[in-house]
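S.K.: Take a look at the letters that make up each chain.
Number of protein chains: 2
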Amino acid sequence: MSTRRHNREQAQAYLDTLKGHPFPSSEKIYLTGSRDDIRVGMRQVQLTPSVIGGSRDHPVTRDNDAIPVYDTAGPYSDPDSELDVRKGLVPLRRRWILERDDTEALPQASSDYTQQRLADAGFDHLRFEHLPKPRRAREGRNVSQMHYARRGIITPEMEYVAIRENLGRERIRNEILTRAHPGQSFGANLPEAITPEFVRSEVAAGRAIIPANINHPEAEPMIIGRNFLVKVNANIGNSSVSSSIEEEVEKLVWSCRWGADTVMDLSTGRHIHETREWIIRNSPVPIGTVPIYQALEKVNGIAEELTWPIFRDTLIEQAEQGVDYFTIHAGVLLRYVPMTAERVTGIVSRGGSIMAKWCLAHHKESFLYTHFEEICAICSRYDVALSLGDGMRPGSIADANDRAQFAELQTLGELTQVAWRHEVQTIIEGPGHVPMHLVKVNMEKQLEACFEAPFYTLGPQITDIAPGYDHFTSGIGAAMIGWYGCAMLCYVTPKEHLGLPDKEDVKQGLIAYKIAAHAADIAKGHPGAQIRDNALSLARFEFRWEDQFNLALDPGTARAYHDASLPQESAKVA
Amino acid sequence: MSTRRHNREQAQAYLDTLKGHPFPSSEKIYLTGSRDDIRVGMRQVQLTPSVIGGSRDHPVTRDNDAIPVYDTAGPYSDPDSELDVRKGLVPLRRRWILERDDTEALPQASSDYTQQRLADAGFDHLRFEHLPKPRRAREGRNVSQMHYARRGIITPEMEYVAIRENLGRERIRNEILTRAHPGQSFGANLPEAITPEFVRSEVAAGRAIIPANINHPEAEPMIIGRNFLVKVNANIGNSSVSSSIEEEVEKLVWSCRWGADTVMDLSTGRHIHETREWIIRNSPVPIGTVPIYQALEKVNGIAEELTWPIFRDTLIEQAEQGVDYFTIHAGVLLRYVPMTAERVTGIVSRGGSIMAKWCLAHHKESFLYTHFEEICAICSRYDVALSLGDGMRPGSIADANDRAQFAELQTLGELTQVAWRHEVQTIIEGPGHVPMHLVKVNMEKQLEACFEAPFYTLGPQITDIAPGYDHFTSGIGAAMIGWYGCAMLCYVTPKEHLGLPDKEDVKQGLIAYKIAAHAADIAKGHPGAQIRDNALSLARFEFRWEDQFNLALDPGTARAYHDASLPQESAKVA
Numbered sequence: 027m028s029t030r031r032h033n034r035e036q037a038q039a040y041l042d043t044l045k046g047h048p049f050p051s052s053e054k055i056y057l058t059g060s061r062d063d064i065r066v067g068m069r070q071v072q073l074t075p076s077v078i079g080g081s082r083d084h085p086v087t088r089d090n091d092a093i094p095v096y097d098t099a100g101p102y103s104d105p106d107s108e109l110d111v112r113k114g115l116v117p118l119r120r121r122w123i124l125e126r127d128d129t130e131a132l133p134q135a136s137s138d139y140t141q142q143r144l145a146d147a148g149f150d151h152l153r154f155e156h157l158p159k160p161r162r163a164r165e166g167r168n169v170s171q172m173h174y175a176r177r178g179i180i181t182p183e184m185e186y187v188a189i190r191e192n193l194g195r196e197r198i199r200n201e202i203l204t205r206a207h208p209g210q211s212f213g214a215n216l217p218e219a220i221t222p223e224f225v226r227s228e229v230a231a232g233r234a235i236i237p238a239n240i241n242h243p244e245a246e247p248m249i250i251g252r253n254f255l256v257k258v259n260a261n262i263g264n265s266s267v268s269s270s271i272e273e274e275v276e277k278l279v280w281s282c283r284w285g286a287d288t289v290m291d292l293s294t295g296r297h298i299h300e301t302r303e304w305i306i307r308n309s310p311v312p313i314g315t316v317p318i319y320q321a322l323e324k325v326n327g328i329a330e331e332l333t334w335p336i337f338r339d340t341l342i343e344q345a346e347q348g349v350d351y352f353t354i355h356a357g358v359l360l361r362y363v364p365m366t367a368e369r370v371t372g373i374v375s376r377g378g379s380i381m382a383k384w385c386l387a388h389h390k391e392s393f394l395y396t397h398f399e400e401i402c403a404i405c406s407r408y409d410v411a412l413s414l415g416d417g418m419r420p421g422s423i424a425d426a427n428d429r430a431q432f433a434e435l436q437t438l439g440e441l442t443q444v445a446w447r448h449e450v451q452t453i454i455e456g457p458g459h460v461p462m463h464l465v466k467v468n469m470e471k472q473l474e475a476c477f478e479a480p481f482y483t484l485g486p487q488i489t490d491i492a493p494g495y496d497h498f499t500s501g502i503g504a505a506m507i508g509w510y511g512c513a514m515l516c517y518v519t520p521k522e523h524l525g526l527p528d529k530e531d532v533k534q535g536l537i538a539y540k541i542a543a544h545a546a547d548i549a550k551g552h553p554g555a556q557i558r559d560n561a562l563s564l565a566r567f568e569f570r571w572e573d574q575f576n577l578a579l580d581p582g583t584a585r586a587y588h589d590a591s592l593p594q595e596s597a598k599v600a
Numbered sequence: 027m028s029t030r031r032h033n034r035e036q037a038q039a040y041l042d043t044l045k046g047h048p049f050p051s052s053e054k055i056y057l058t059g060s061r062d063d064i065r066v067g068m069r070q071v072q073l074t075p076s077v078i079g080g081s082r083d084h085p086v087t088r089d090n091d092a093i094p095v096y097d098t099a100g101p102y103s104d105p106d107s108e109l110d111v112r113k114g115l116v117p118l119r120r121r122w123i124l125e126r127d128d129t130e131a132l133p134q135a136s137s138d139y140t141q142q143r144l145a146d147a148g149f150d151h152l153r154f155e156h157l158p159k160p161r162r163a164r165e166g167r168n169v170s171q172m173h174y175a176r177r178g179i180i181t182p183e184m185e186y187v188a189i190r191e192n193l194g195r196e197r198i199r200n201e202i203l204t205r206a207h208p209g210q211s212f213g214a215n216l217p218e219a220i221t222p223e224f225v226r227s228e229v230a231a232g233r234a235i236i237p238a239n240i241n242h243p244e245a246e247p248m249i250i251g252r253n254f255l256v257k258v259n260a261n262i263g264n265s266s267v268s269s270s271i272e273e274e275v276e277k278l279v280w281s282c283r284w285g286a287d288t289v290m291d292l293s294t295g296r297h298i299h300e301t302r303e304w305i306i307r308n309s310p311v312p313i314g315t316v317p318i319y320q321a322l323e324k325v326n327g328i329a330e331e332l333t334w335p336i337f338r339d340t341l342i343e344q345a346e347q348g349v350d351y352f353t354i355h356a357g358v359l360l361r362y363v364p365m366t367a368e369r370v371t372g373i374v375s376r377g378g379s380i381m382a383k384w385c386l387a388h389h390k391e392s393f394l395y396t397h398f399e400e401i402c403a404i405c406s407r408y409d410v411a412l413s414l415g416d417g418m419r420p421g422s423i424a425d426a427n428d429r430a431q432f433a434e435l436q437t438l439g440e441l442t443q444v445a446w447r448h449e450v451q452t453i454i455e456g457p458g459h460v461p462m463h464l465v466k467v468n469m470e471k472q473l474e475a476c477f478e479a480p481f482y483t484l485g486p487q488i489t490d491i492a493p494g495y496d497h498f499t500s501g502i503g504a505a506m507i508g509w510y511g512c513a514m515l516c517y518v519t520p521k522e523h524l525g526l527p528d529k530e531d532v533k534q535g536l537i538a539y540k541i542a543a544h545a546a547d548i549a550k551g552h553p554g555a556q557i558r559d560n561a562l563s564l565a566r567f568e569f570r571w572e573d574q575f576n577l578a579l580d581p582g583t584a585r586a587y588h589d590a591s592l593p594q595e596s597a598k599v600a
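Residue numbers (the numbering used here), protein chains in the order written: chain Z, 27 to 600; chain S, 27 to 600.
The set of hints was computed from the structure by calculation and includes no laboratory data.
Please note that a few of the clues may not be correct.
Which copy is meant is left open, so a pair is good if it fits within one copy or across any two.
As the list claims (entries may be wrong) - Keeping only pairs whose Cα atoms sit at most 25 Å apart, straight-line, the calculated SDA-like set for lysine to any residue is:
1. K324 to R296
2. K45 to N215
3. K529 to T583
4. K383 to P50
Computed from a prediction, not measured in an experiment: that's the story for all the values here.
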């Protein structure tokens, strides 16, 4: 059997037998909010008792608090959930959306492309069967979380987020566990307990976003902002050379299991539309895309032939499927392109180079920039957040922090204010490749240029000499920029620069980035972040091996490494 | 076959077939100093030409400079070297030592233990056959590099080091390759070119050491100091439960191949003496040990029964074998022990807990502290450097930067001055587990308390929640503290806290730490550090895949990851 077919069949088998699958010694708990349908799932790691005296035969023990852990896996970590990828997840936000009474179900998709695609029986075998009817804001209405926040409305999404960020940690009473170093937050505001009102005020100010397209009611609300837990994003997506829908859905589930707070579907191959439908319907986390990738496929890869109508239709197509945030490279201005001429690695952002090519060919500003207000207007009707792409990001440490990069950042700041006028939630993308000592100034300039809109960076990689290990070279930069104030870290896998990540690469990238994000939370002094470290360290000191494994980011690997040296059961309780 | 026997046989086969083995597309070159026998080996990566014009059939090309790379592998990366682990390496420093005419060959080993061991035919089958005669400084003489340096003498070792640190990079002319960001050095003094006189002055000032026991003439001189390239150490060593001499020698060779600047032999199992002999005779890098580990074996693991005479004999035993630096936990004072009572993880340093137990049992200061002057006197007669151990280092981020840790650091500063009075080269060990925002103050306090003696840290790990990935959690801290001024980073492998590292773990630990050290060099602004990054980035931009692989820290992995997605040859030249 060919490798491709084999991979596809393996993915199919994985999905066919998919069950809610908790981590070892963990239970899924739900904390309920002010109404019954605000049920916030989290994971709780059960610990064994500590021996505090007595004899070997009659030990005296003390129970240990269960440790709550943020859980991105949604129903996939709940053994009681009924899962069927053909049906998709339960739309937990549907009632909230309907109650607001500011949207309408459309008789059919508004995108021409979607309609053509649906009419083509040739795709029937690929299609997700239970297509929901798309919704859109009623004429003249804005349905973004920022819109509500600015009007003083605390949505169920905001309350959900507040509960989620607190993790129910007020129940931890053991003084050893709650010890924490005062952090160094560089101006982040980290209250002891997150209230729904705090969430609202941060979203209103633009300092945080809750990506929550009304057409993706399956997603569990989460927040991205400097004053909340640092988040991580995983990129998945097929390409023209490999991978199937099954494999991408498998990677999605796998990403959520290993801690992805959001997932970007960067598909560039065939069946992008259908692949995305499967991904969104089965995703408990927000989904981001780079719409220009799909638009480019529609013009057969010829950047110069891109047009605003094609792009606009793509935005609507994706917004009605439920994409939660769009990366838009609207900051690539014509006059910035020559600034990259002296670089070692030119323009490496795919979106950036597409737009640079377009600008040069037409010798004018791109339609992303000239039609930016219309883009915002579309986003506001579905609550699609904007992630302003950094088309000029450095592709090597040599090119870090150069004129092109920072010129674009200024433009992203201007665009942020345009987006905010439309009450569109906005985050800003950042580099890339930056040596350690130049990381901090990136954060400082971004906060200033973009008025504290959340920063969302790829790494940055802090050296270029280790292809094959760029999850690590970039994880170092990610930990640092997370500490300095970056709100979300876009992971890099070991295959970066070399090939497409497989399932194991996705896991390795996520583990590296969960470490970076958590280390950043601790260094900032995020309340409660140190509890898990303390619990694990105490278990280590008391030789509670099982608890060490179960509290680890990757319990199976910790256990396997231990057992490779000392496999006996006795070696785990000694 | 049992796993242990299998591992041992595999190691034996590896050693039996050992040949000088260059990295792909690399050649071993030697730069000669002021005398013919100063021949400094380094690796040079050959690149393919760049296509700068012409047509597909008649391309116009430009040659690319070969890129010099620091090489720790010694003869193991030279296809022309004759290798036989039963004979050991060529003693390249022997003439230099003899010429100084301040040492004498001893008729027999001075250590009682060594003599007993040699007299016991039961160990004959384990013994390294070609035992050299041990040498020692003539009565009243001091043979340390610091001693020579303070007298204004530039030794061949110092000249060797200067050539090695410069890497012959003045031959790189391409402006794109020599571009570099100004660094942020936090007071490090990084001259454009390292002269032998600069090396001498740094060693004289105690700001750098050249570990170079006169009984380890096989080792290639290298330097550890804040004003030089950041170095990494790999720990190997057997334990009572596993591993054989063959496996440890294999790990040594493997460590040098993957970039270990020094190797510590932390053996605690059987045949420590014989294992160490094999390691030293075959090591092109300095070897460090923790002598208290072996002393403890001599008293059957009962810390309270340790005595100064046993320890003293162990120092002499090891010094005459050729150990280049000793970790001595002389800073664990009686009054510091109670300071650890409130910690989450108490005392986690093995040496620290042995000495704490001893101090408490005898209720007095340890013999390491009370006999410290004698320890220095021994070291000065062989040029064994001292690595002052941090017995109070934190074992969890909760315990970082506490009173016990910093109290001991002050004592290490006092001991540094004692060692320097004896002209014994000295470095200072440091933590451990420290959250990111508390890393910098460790470096600052160490520089102040220890008068700029080089710092040598284990990580630090910046979170405790990822056992199985602690090469990474600690690699982040290592990169940061290297940037702040740490001179050598002691690696951590993925098995840290879980089990004993195997060969693959050693490699993974080293790759992580080479990344950290290199990233630190770049952030400090070390001249020339960015050349390799620029060369690799330029190769990437020009789609010279082979050059990207060959310039990578781990060429085989980079190539394999690429080929997993795009195996065709054409995909590497497109």
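S.K.: Confirm or reject each hint.
M.R.: Evaluation of the provided hints:
1. K324 to R296: within (11 Å within a copy, 69 Å between copies)
2. K45 to N215: neither (39 Å within a copy, 59 Å between copies)
3. K529 to T583: both (15 Å within a copy, 17 Å between copies)
4. K383 to P50: neither (51 Å within a copy, 37 Å between copies)
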